[in-house]
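Peer 1: Using the sequences and the hints, build the whole thing.
Per our numbering, residue 94 is the first one in the sequence shown, and the count goes up by one each step.
Hints should not be assumed to be uniformly reliable.
[Claimed, not checked] In silico BS3-like pairs for lysine-lysine, Cα to Cα no more than 27 Å straight-line:
| # | residue 1 | residue 2 |
| --- | --- | --- |
| 1 | K212 | K198 |
| 2 | K202 | K151 |
| 3 | K169 | K144 |
| 4 | K191 | K213 |
| 5 | K163 | K106 |
| 6 | K198 | K169 |
| 7 | K120 | K170 |
| 8 | K151 | K212 |
| 9 | K139 | K120 |
| 10 | K212 | K202 |
| 11 | K108 | K132 |
| 12 | K120 | K132 |
| 13 | K102 | K132 |
| 14 | K169 | K132 |
Bear in mind the hints are in silico, worked out from the structure with no lab data behind them.
Quantities reported herein were computed from a predicted structural model and do not represent experimental measurements.
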Amino acid sequence: GPIGIYIAKRNAKVKVYMIDVNHIAIKLVNKNAEINGVKERVVIIKSDIFKAIPTEVKFNAIYSNPPLSKGVEFIKKLEEEAYDRLYSKGFIQLVVYKGEANVIKIFEKRFRIDNLKRKKGYSIITIVKD
94 GPIGIYIAKR NAKVKVYMID VNHIAIKLVN KNAEINGVKE RVVIIKSDIF
144 KAIPTEVKFN AIYSNPPLSK GVEFIKKLEE EAYDRLYSKG FIQLVVYKGE
194 ANVIKIFEKR FRIDNLKRKK GYSIITIVKD
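Peer 2: Below, the structure is given as structure tokens:
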């Protein structure tokens with residue numbers, strides 16, 4: 094929610110898709126999009142990753158803070174689905190807590206790991222589709 098709202102506020106030309114499987118998160122992001130004046134530039138969808146998004150929709154960037162409870166399985170699924178959803182030179186930024194080695198291992202097969210920042214147990218990993 095907050096990442097998508099921030100991106101929509103910073104760039105009025107961008108269309109932001111905000112996806113979550115949790116109905117409470119969807120309600121909150123709808124409210125926050127309205128409060129922040131970006132409702133017309135965001136598409137809020139209740140979905141498991143890209144399942145509810147038409148296959149022809151592609152992205153320049155994907156941002157995620159993957160759910161810890163889903164573990165490596167979520168990361169594997171994201172890697173599988175994101176490859177076809179990203180434009181060439183598109184990127185993914187993930188915020189993970191104490192699991193960066195697994196994320197890198199999963200993504201480095203088809204993507205390039207471009208940047209890694211660490212702070213207080215959290216890692217921000219930038220992953221690029223070449």
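Peer 1: Hint by hint, note whether the structure agrees.
Peer 2: So, going through the hints one by one against the coordinates:
| no. | hint | verdict |
| --- | --- | --- |
| 1 | K212 / K198 | holds (20 Å) |
| 2 | K202 / K151 | holds (21 Å) |
| 3 | K169 / K144 | holds (15 Å) |
| 4 | K191 / K213 | holds (9 Å) |
| 5 | K163 / K106 | violated (33 Å) |
| 6 | K198 / K169 | holds (10 Å) |
| 7 | K120 / K170 | holds (25 Å) |
| 8 | K151 / K212 | violated (31 Å) |
| 9 | K139 / K120 | holds (10 Å) |
| 10 | K212 / K202 | holds (25 Å) |
| 11 | K108 / K132 | holds (10 Å) |
| 12 | K120 / K132 | holds (13 Å) |
| 13 | K102 / K132 | holds (10 Å) |
| 14 | K169 / K132 | violated (31 Å) |
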